[in-house]
Amino acid sequence: MEHLIDLIRKSFDLDFDIDRDTPLISSGLIDSLRVSLLLTVLEREYGKTISTRDVGTDNFDTPGQIEKFLNKL
21 MEHLIDLIRK SFDLDFDIDR DTPLISSGLI DSLRVSLLLT VLEREYGKTI STRDVGTDNF
81 DTPGQIEKFL NKL
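Under this note's numbering, think of the first position of the sequence shown as 21, with each following residue one higher.
Hints in this document: simulated from the structure, not taken from any laboratory.
Treat the hints loosely; a few may be bogus.
Unchecked claim - With a straight-line Cα cutoff of 20 Å, these simulated SDA-like cross-link-like pairs (lysine to any residue) come out: (1) LYS68 / LEU58; (2) LYS30 / GLU63; (3) LYS88 / ARG73; (4) LYS88 / THR42; (5) LYS68 / LEU24; (6) LYS68 / GLU87; (7) LYS68 / GLN85; (8) LYS68 / THR82; (9) LYS30 / SER47; (10) LYS30 / ARG40; (11) LYS68 / VAL55; (12) LYS88 / GLY76; (13) LYS30 / LYS92; (14) LYS88 / ILE38; (15) LYS30 / ILE50; (16) LYS92 / ASP51; (17) LYS92 / LEU58; (18) LYS92 / VAL75; (19) LYS68 / LEU90; (20) LYS30 / LEU90; (21) LYS88 / GLU65; (22) LYS68 / LEU49; (23) LYS88 / LEU58; (24) LYS30 / THR82; (25) LYS92 / LEU24; (26) LYS68 / SER47; (27) LYS88 / THR77; (28) LYS88 / GLY67; (29) LYS68 / LYS88; (30) LYS68 / ILE38; (31) LYS88 / VAL61; (32) LYS30 / ARG54; (33) LYS88 / HIS23; (34) LYS68 / ILE25; (35) LYS92 / ASP74; (36) LYS30 / ASP74; (37) LYS30 / ARG73; (38) LYS30 / ASP51; (39) LYS68 / PHE89.
Keep in mind that this is a model prediction, so the values were computed, not measured.
Kindly produce the complete structure, drawing on both the sequences and the hints.
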C-alpha cells in the first residue's frame, strides 16, 4: 500500500500526505483528464491493463479502492 501511495504522490506532485482512504477523484485531487495519466502509471508499474470503462469513483477513488481493484485484475 505504501508503494502505491508514494507512486500516486510522486506522479501527481502532491506535497502533502495521503492515506488509503483519501478520495482522489471525487475530491478533485486527480481530475478526469489526469485519470488517464494515473492509469498509464499504474499499468506500467503493475504490468496490468486497466480499462477506463471499469474506473469510477465507486471503485477507484481512494488508494485502498485502487489497491483492491488492481488485486482483482
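Run through the hints listed earlier and report the numbers of any the structure violates, in increasing order. Going through the list in order, the structure violates hints 13, 16, 22, 26, 30, 36, 37 and respects the others.
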